[in-house]
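Asker: Here is what each chain is made of, one letter per residue.
Number of protein chains: 4
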Amino acid sequence: MSFNTFGHVFRVTTWGESHGPALGCTVDGCPPNVSLDETAIQYWLDRRKPGQNKYTTQRREADQVRILSGVFEGRTTGTPIQLMIENTDQRSKDYGEIAETFRPGHADITYWQKYGIRDYRGGGRSSARETAARVAAGGVARAALAALAPGVTITGYMTRMGAHGIDGPRDMDEIGRNPFWVPSAAAAETWAAYLDELRKSGNSCGAEIEVSASGVPAGLGAPVYGKLDTDLAAACMSINAVKGVEIGEGMDAARLTGEDNADEIRLGNDGAPVYGSNHAGGILGGISTGQDVVVRFAVKPTSSILKPRASITKSGQPTEVVTKGRHDPCVGIRAVPVGEAMVACVILDHLLLDRAQTGGQRGTIG
Amino acid sequence: MSFNTFGHVFRVTTWGESHGPALGCTVDGCPPNVSLDETAIQYWLDRRKPGQNKYTTQRREADQVRILSGVFEGRTTGTPIQLMIENTDQRSKDYGEIAETFRPGHADITYWQKYGIRDYRGGGRSSARETAARVAAGGVARAALAALAPGVTITGYMTRMGAHGIDGPRDMDEIGRNPFWVPSAAAAETWAAYLDELRKSGNSCGAEIEVSASGVPAGLGAPVYGKLDTDLAAACMSINAVKGVEIGEGMDAARLTGEDNADEIRLGNDGAPVYGSNHAGGILGGISTGQDVVVRFAVKPTSSILKPRASITKSGQPTEVVTKGRHDPCVGIRAVPVGEAMVACVILDHLLLDRAQTGGQRGTIG
Amino acid sequence: MSFNTFGHVFRVTTWGESHGPALGCTVDGCPPNVSLDETAIQYWLDRRKPGQNKYTTQRREADQVRILSGVFEGRTTGTPIQLMIENTDQRSKDYGEIAETFRPGHADITYWQKYGIRDYRGGGRSSARETAARVAAGGVARAALAALAPGVTITGYMTRMGAHGIDGPRDMDEIGRNPFWVPSAAAAETWAAYLDELRKSGNSCGAEIEVSASGVPAGLGAPVYGKLDTDLAAACMSINAVKGVEIGEGMDAARLTGEDNADEIRLGNDGAPVYGSNHAGGILGGISTGQDVVVRFAVKPTSSILKPRASITKSGQPTEVVTKGRHDPCVGIRAVPVGEAMVACVILDHLLLDRAQTGGQRGTIG
Amino acid sequence: MSFNTFGHVFRVTTWGESHGPALGCTVDGCPPNVSLDETAIQYWLDRRKPGQNKYTTQRREADQVRILSGVFEGRTTGTPIQLMIENTDQRSKDYGEIAETFRPGHADITYWQKYGIRDYRGGGRSSARETAARVAAGGVARAALAALAPGVTITGYMTRMGAHGIDGPRDMDEIGRNPFWVPSAAAAETWAAYLDELRKSGNSCGAEIEVSASGVPAGLGAPVYGKLDTDLAAACMSINAVKGVEIGEGMDAARLTGEDNADEIRLGNDGAPVYGSNHAGGILGGISTGQDVVVRFAVKPTSSILKPRASITKSGQPTEVVTKGRHDPCVGIRAVPVGEAMVACVILDHLLLDRAQTGGQRGTIG
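Protein chains in written order, with the working numbering: chain A, 3 to 368; chain B, 3 to 368; chain C, 3 to 368; chain D, 3 to 368.
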């Protein structure tokens, strides 16, 4: 049982609290001889970093990563890679009030009930800060994928922010041009106005994030409990505040008929199968088809809001909770790089698992 | 890495193909001294058994379970419990055609690509028959829960069949009175007509199943990767044909505001917390709250239909696939007892894990 | 936690009691396309089978293995392989007396204390019959090694039986020519006389078994807790009645100086390193060197003897235990094929793990 | 697969190289509410610290541990505990020569062959410095045992140094009074003279360490692969340079008869079983008996000696290796606290596992 580890061969163990001296992760099982340095990891961390615009928490963390082990002369050695990020902008006094009070929608009450002790400064392990360690690990996974499966590209983007989805066609080039990673200039504008209003009223909203991985070779995954989608579902559901995970058609698959849902197959010019559609999200029977792997997850609205909500204290007294502190009105925005990181880790892990069992050999068609 | 195992302390390893001599599972880590016999397990298997009405496959399997180890004089011994179900109604000749052809929407093509070999008789490991072993394991989990946490009740039911959801209020008493396990007499009638039509036209449809577990003690689960919902998501996504998993509000959480989503807390008369709503689905920060644990998943329509779909053969030739055989027009119906079984296994597993780490002690309120 | 599973990628889960209807194992993670049938596995089981001569228990078990899954048309499919052996010669009445009495040196008392229930017919899971499942799994591992690393040869033999070791040089050709698998005709003769005497006096003796694996490629294993020798030690110590495990020089390494212990290195004609000696037993820093991997373990004398030993009953009364039944005067004899099987499983598992992490690539010398 | 993790519920993942900026470990699964601070861990690290007398390496490391997470206001929170030790006295230039040369008896050659890259500064992960992280983890385990099973006492000591064992009776009070942790004043004197001579001649020697754990409750462990002794064997064999592991009678069990080896049982005045001897080393059928758990392991002599040994370079040239640097003439001395730490971790882990499966309930006698 690994409470704080995910992955089978490429294993990531995260550690650290929101308001402790540091947080980080140990990445075990990375292949040797992968080019890696702090700059490569920092690139991805900077995408997740808070305080970059008015839509995310104003806590200002440099999120500077240090590699403490496992890399020698710019390449991985095959030994565990320790990544450490120091916390520099804790303001624990912001949390004085919640030491005795359970914030509705937060893990305060369940942590207390389970452990009988809780680091009440900012949510401890259940803080979104834990996801910085995931993004750092994702940076290692991306470096290893670049070496082992150079065709793989992993892109995350938002497809819904509270009341608003995306109307009209998606333009993937827009993703990097707005603070919401949304593939639509029009949506970016609508969403900005919506979020401004929410923020001013002290409210928050949920989000839907999609991560698409192209270039994933056919044959990753395994039947039954070793399914690629099983691990993707677990990886995404393990992100703070996530309440739903979908592959391809997702929950809407329940509404379809077999005729509509079947992705027809023909043979492409290069001898590889070509599919007429991708309802399956790139995975059949738990194994990748070679199409884009498409994963979607929903992040609930942060419960840290200025609107008063009824709750109780540790001593059982009724109270009202109004969360001031520094919080994200839509924490889902910063979940985009986290989702990408999780998908990168899972795909690399299954690439390594597949090398173990099949040696990477493939049944041929034609 | 456990390709065919799930669970941490209560571990289930399933084995067996659709058309081999038998299938089954090894259940390891069950507490000792739990009352158990074949009748208790058979009860749950009979709920999943095909051929019981015109809405499920006409393959007639007795699905008779045998306990080969781990039970002595009517009680578990703490050693591995082997459960075996013999296949008795294979008609492998039904599958002669698919030996050389990849059925769209099935795992035929990905299994071939990955392994370079495939037991083409009825889908092998990716057949819904594998889920019989899960239901058997779920029977063991239920027996252990009855001994260790007698208040836990786990109920599965369908909430959508293709185009049709449930209109009007739910009546949980109806679940056992119709072939769809739907908590609504009116829906049962509508769905029956709809499914008749689909069946006659040789089509199929998807389904949405909800499993609700009441009486789950607060404190099960763990932060980060050991979340109760992480394991529930993995367990449900590992079921054949599942494409989405939701906890509580699920994907709709993306649409809510923080004000709407917060489950307010007060203290009940018995000194335990009482929640004003259950958007969280009974889980906060990965740990159970004591409310009902609510999980939902979507099953895609079976791809085995009479409608011709374009595909290719192993030698790369274009072809059209029409699946005759004996198939479920809505395979999601039989996924209800499977979902219940997976939820039972996960809850028991986390009950045991919690005993390991905390000894079952709890932080007190008041 | 896997109470009854060993291995990482090639995972074996055994199940079954000495006097239940059957026992067996699930082998998960075997590479696909390995030639395998029941005859190949039976070959190894027949070597372990009891009742073949007067030196082993007179219980007559056919130990006939059935493959229930995972093999299709003579080749493995990559899905779990279920191997079942039915028990046919139980004489449970032999065990009536021990239901209430704890046999000294047996697990009767600890099983009772731990579980509060125990299948008292012949030791249940702690019976040497459990090792039949290991030998069957070892047969699968050997078949996979034959396909993936054809140069590997694994040979087990006894190097001590109670008071007697091997005097004079070893002759490996003798191993198959005597009932003790001892590489010395002279020792075989001495040991036979010694064991006859022990058996007649109702006593038993311990044994030392060595397993040597040649042709193991350099580079298997990993530093720290993933060491090849760590897994070999665990695998051998998990065999019933084993009390010590050694690699290469073993416990005697404590007596040596650094000068004596260093295995000097030179370059062979084929460009591979050649070692002047093999104190290391083929493993340096947890990773195979390419030399023979040499493992040794000690099996304690069976405690089932005719000599009366003091003990207590479940109700706490003092008693004397004399074990009649059908037992091995030197149970270590049948541990030889078991040790071979465990070594085969561990080497295959590390071969697969190495493919995962390094893809089988190697640093070159010269 | 966890290359750098050991334990099932109480899981320790170590990281860091001998000459990197730091090393440490993540301890996951520790029960909450255990009193813990840096002083408590430092106590055990100071016992292992090098440079304390002329018999250990003159590298002077403060080995100062920092707790970076998982402890709040002096108590564990149930979340991962990160322990970091900075390296302060690296003299990597000592290792310039070995960048291109494989030292006989070291892992230089196998690391190179496996990974094609190697941190050649001081052995990287295979350096004895990695064991500092184990000792730190052991400090956490001891703190948890003090809270959960206060009767457990774990004591390590040397029983052999090269040519010399212990003559005469053991006096456990002497263990803390000499630099070798040997339970005999006379042996301490003999060994000191012997080691002086070895050190002057630039040679080294092996060692045998015994760890005895008293007060371990009956019932820890599990049959087959979850045996307490299986995990003890793996834990000890995973320590650098260990070549053999024994439980109780160990390898000598091969020499005994069943009559001699049986530990007779009677009922003590307090209603608990009392054993007439402890050949079993406190473990029967993989489960603790309540007697002292006795583990022994052999450490080979360090290969870093002034005596020239033949070897080859990376380019395949023959060479002679003379290791100057700062090394332990008997590295086994510092393995005593390491062995204690591993045993503490394993016993705690099995205590937690037993709570998971049985809830700590016991079958009663009498």
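One or more hints might be untrue.
Sample of chain D residues with no beta-carbon within 12 Å of chain A, all distances over it, derived [to be verified]: (1) Asn6; (2) Gln44; (3) Thr78; (4) Glu102; (5) Glu132; (6) Ser216.
These stretches of chain C come out as covered by chain D in the derived footprint (C-beta under 8 Å, 3 or more residues) [as the list claims (entries may be wrong)]: (7) 6-16; (8) 101-114; (9) 227-238; (10) 273-281.
These are calculated hints, taken from the structure and not from any lab test. Bear in mind that the values here come from a model prediction, so they are computed numbers and not experimental data. Think of the CB as a built atom: it goes at the ideal place given N, C-alpha and C, for glycine as much as any other residue.
Asker: Could you run down the list of hints and mark each one as holding or not?
Answerer: Here is what the structure says about each hint:
Listed as outside the interface, Asn6/D is inconsistent with that label: its C-beta sits roughly 5 Å from the nearest C-beta of chain A, within the 12 Å cut-off. Non-interface status of Gln44/D relative to chain A is upheld: no Cβ of that chain comes within 12 Å, the nearest being about 17 Å off. For Thr78/D, the requirement that its beta carbon stay farther than 12 Å from each beta carbon of chain A is not met, with the minimum near 8 Å. Every C-beta of chain A lies more than 12 Å from that of Glu102/D, the closest at about 14 Å, which supports listing it as non-interface.
A beta-carbon of chain A is positioned within 12 Å of the beta-carbon of Glu132/D; the least distance is around 10 Å. In this structure Ser216/D is separated from chain A by more than 12 Å, as the shortest Cβ-Cβ distance comes to about 28 Å. Under the rule that three or more residues need a Cβ within less than 8 Å of chain D, the assignment of the stretch 6-16 of chain C holds, with 6 such residues. Residues of the stretch 101-114 of chain C lying with their CB closer than 8 Å to a CB of chain D number 9, which satisfies the three-residue condition for coverage.
Evaluation of the coverage hint for the stretch 227-238 of chain C: fulfilled, as 10 residues show C-beta separations to chain D shorter than 8 Å, against a requirement of three. With 4 residues bearing a CB less than 8 Å from a CB of chain D, the stretch 273-281 of chain C meets the requirement of three and the coverage assertion stands.
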